[in-house]
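Using our numbering, the letters of the sequence shown map in sequence onto residues 302 to 394.
What the hints contain is simulated information worked out from the structure, not anything from laboratory work. Errors might be hidden in some of the hints.
[Stated by the list, open to error] Within a straight-line C-alpha distance of at most 20 Å, the following computed SDA-like cross-link-like pairs (lysine to any residue) qualify: (1) Lys315 with Asn331; (2) Lys374 with Met363; (3) Lys374 with Leu362; (4) Lys324 with Leu308; (5) Lys361 with Thr373; (6) Lys324 with Gln307; (7) Lys324 with Arg313; (8) Lys322 with Asn306; (9) Lys310 with Gln326; (10) Lys329 with Arg313; (11) Lys315 with Thr325; (12) Lys324 with Asn306; (13) Lys329 with Asn311; (14) Lys310 with Leu320; (15) Lys315 with Gln326; (16) Lys322 with Thr304.
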Amino acid sequence: MGTSNQLRKNTRLKSAIDLLKQKTQEAKENPNELNLSEDDDTPIPERNVSKPKKQTKTTKLMNNVLDSVTQTKRRSKKKKPIASPVLSEDETF
């Protein structure tokens, strides 16, 4: 049983490698892809710029989450005393 699993893994790997080779060959044949690989200066700064933006978004998100958590805590504190008499009124009905 183990050998068949190994065979499956190997065939998957081979197909993946073949696909990679095919894609790289296509990229080499495509002049636009070659230009991108030559101009390494242009895509790298764009990537670096986008990374800090993502970080600020996550920190904003985290702040929003923390704010909402504190708000819900406040609300739950406010609602608890209100909720208990309402429940007791419902019980009398």
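> Which of the stated hints cannot be reconciled with the structure, identified by number in ascending sequence?
Replying inline: Numbers 1, 4, 6, 8, 9, 10, 12, 13, 16 - these are the hints that the structure violates, sorted from lowest upward.
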